[in-house]
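Colleague: Line order of the protein sequences matches chains H and W. So that you can map any letter, position 97 of the first sequence is 123 in our numbering, and since no number is skipped, the others follow by simple counting. So that you can map any letter, position 129 of the second sequence is 155 in our numbering, and since no number is skipped, the others follow by simple counting.
Misleading hints may appear alongside valid ones.
Pairs involving identical chains hold if they fit within one copy or between any two copies, as the list cannot separate such chains.
Once the Cα atoms are required to be at most 25 Å apart in a straight line, the calculated DSS-like pairs of lysine-lysine come out as [as the list claims (entries may be wrong)]:
# : residue 1 : residue 2
1 : K189      : K110
2 : K39       : K164
3 : K39       : K139
4 : K139      : K110
5 : K139      : K164
6 : K189      : K164
7 : K139      : K189
8 : K39       : K189
9 : K39       : K110
If you're looking for bench data, these hints aren't it; they were derived computationally from the structure.
One letter stands for each residue in the lines below.
There are 2 protein chains.
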Amino acid sequence: MRHFIEELEDLRKQLLEMAGLVELAVHDSVLSLMERDQERAQRVLVNEARINQMEIRIDELATRLLALNQPMARDLRFLTAALKINNDLERMGDLAVNIVERALSLMAQPPVKPLIDIPRMAQLAESMVRNSLDSFVKRDAELARSVLLSDDAVDDLRDTISKELVGFMERDPSTVSRALDLILVSRNLERIADHATNIAEDVLFVVQGVDVRHHAEEHD
Amino acid sequence: MRHFIEELEDLRKQLLEMAGLVELAVHDSVLSLMERDQERAQRVLVNEARINQMEIRIDELATRLLALNQPMARDLRFLTAALKINNDLERMGDLAVNIVERALSLMAQPPVKPLIDIPRMAQLAESMVRNSLDSFVKRDAELARSVLLSDDAVDDLRDTISKELVGFMERDPSTVSRALDLILVSRNLERIADHATNIAEDVLFVVQGVDVRHHAEEHD
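Let the hints inform the model, and build the full structure from the sequences given.
Modeller: Structure below.
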């Protein structure tokens, strides 16, 4: 069984490496928007290929470990959670690319307004990504629960941002297309936070064997 | 092994039943928008609880089959694909709820314009959901590939819809908030189509053992 344990450890490391890449992609995507930094935006686009390759590699490893061993209980939950977390991470990478596409379009135009809530939302989403993965690695249910709690704050920020930008569009039609891009950036951040929430739910399932999906609201 | 085969069959049936619920939810969400039908909208909200329960049940069944048997090759691919497809279906259910929320808000206000491209996009997305699940049940690689081909048409419709609605917002600021709701509906439909594409990719993996993720563009 020694070999199996080493392979599980390898899987955990690969997921962490992928999470690091995804975290960086999210961070860089918003920073490229804030600082109108085309080079940084390009870096996100280039890194996406690596994230996609890692997804396939991790998927293969987790599936192989399911096939060649007969993992029970905790290890089985870990492996099926790894498959899901892997999927969530890859989608977050896609969402960072979506943000970069908006950022590149916005860079070519004058700013609508100084951005305050979007970087705040990005910071929150990034910390949710980091904490969800940390909770997975450390099997820390408390930390996973804290991620679930942040989700409401993200939704509030999304609403604040939409409301403000709709106001801009209504008062000055010349801002419509740029303000819409910013609203779409905030929606992408919201979805990144949603994926972090999914991961935290999977962690609670692995650690406690408790399925909190669709009940997170009541529990917290 | 007879028992295992029966349980696999049961899993397949449950996934199909869930897919039927999700298809109906997508269909009803757009119809409630088109016909300003509040009752139909409510039905989608009520059905979401059933979809969520099915997700948990299917997840448990697939995980148990992975645990209690030692499925190899094709069955293993089927079971890990079932976990992913289940997840995609549940998210589609969430997206139908998002559409209903926009529909309920829009019902209370005068229409911006007659809707033409949104129902077209919905029809395309629905057929992608149906075909991706049919391809899974029939192990039909040809049908799965046809789903991948539809994705570009969905993206084109999304762009057409956005462009037209941005025009409305720029010409008449009183339409901003309603037009934004319609743009968000089209984004939700786009994501539903994306999930159908994910399912079709999983089917190709199950049937052919070929991983087409991140290469769909080149192949088609």
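Colleague: Each hint needs a verdict: does it hold in this structure or not?
Modeller: Here is how each hint holds up against the structure:
Taking the closest pair of Cα atoms, K189 and K110 never come within 25 Å of each other, the shortest separation being 34 Å inside a single copy and 35 Å across copies. For a Cα distance limit of 25 Å, the shortest separation of K39 from K164 inside one copy, 12 Å, qualifies, whereas the shortest one across copies, 37 Å, does not. When the C-alpha separation of K39 and K139 is checked against a cutoff of 25 Å, the pair qualifies neither within a copy, at 41 Å, nor between copies, at 52 Å. Proximity of K139 to K110 under the C-alpha cut-off of 25 Å is found in neither arrangement, the shortest distances being 38 Å within a copy and 41 Å between copies.
Taking the closest pair of Cα atoms, K139 and K164 never come within 25 Å of each other, the shortest separation being 41 Å inside a single copy and 53 Å across copies. When the C-alpha separation of K189 and K164 is checked against a cutoff of 25 Å, the pair qualifies neither within a copy, at 39 Å, nor between copies, at 47 Å. Taking the shortest alpha-carbon separations for K139 and K189, both the intra-copy value of 14 Å and the inter-copy value of 22 Å come in at or below 25 Å. Proximity of K39 and K189 under a CA criterion of 25 Å is satisfied in neither setting, with 41 Å inside one chain copy and 44 Å between copies.
Both within a single protomer and between protomers do K39 and K110 lie at most 25 Å apart by alpha-carbon distance, with minima of 16 Å and 22 Å respectively.
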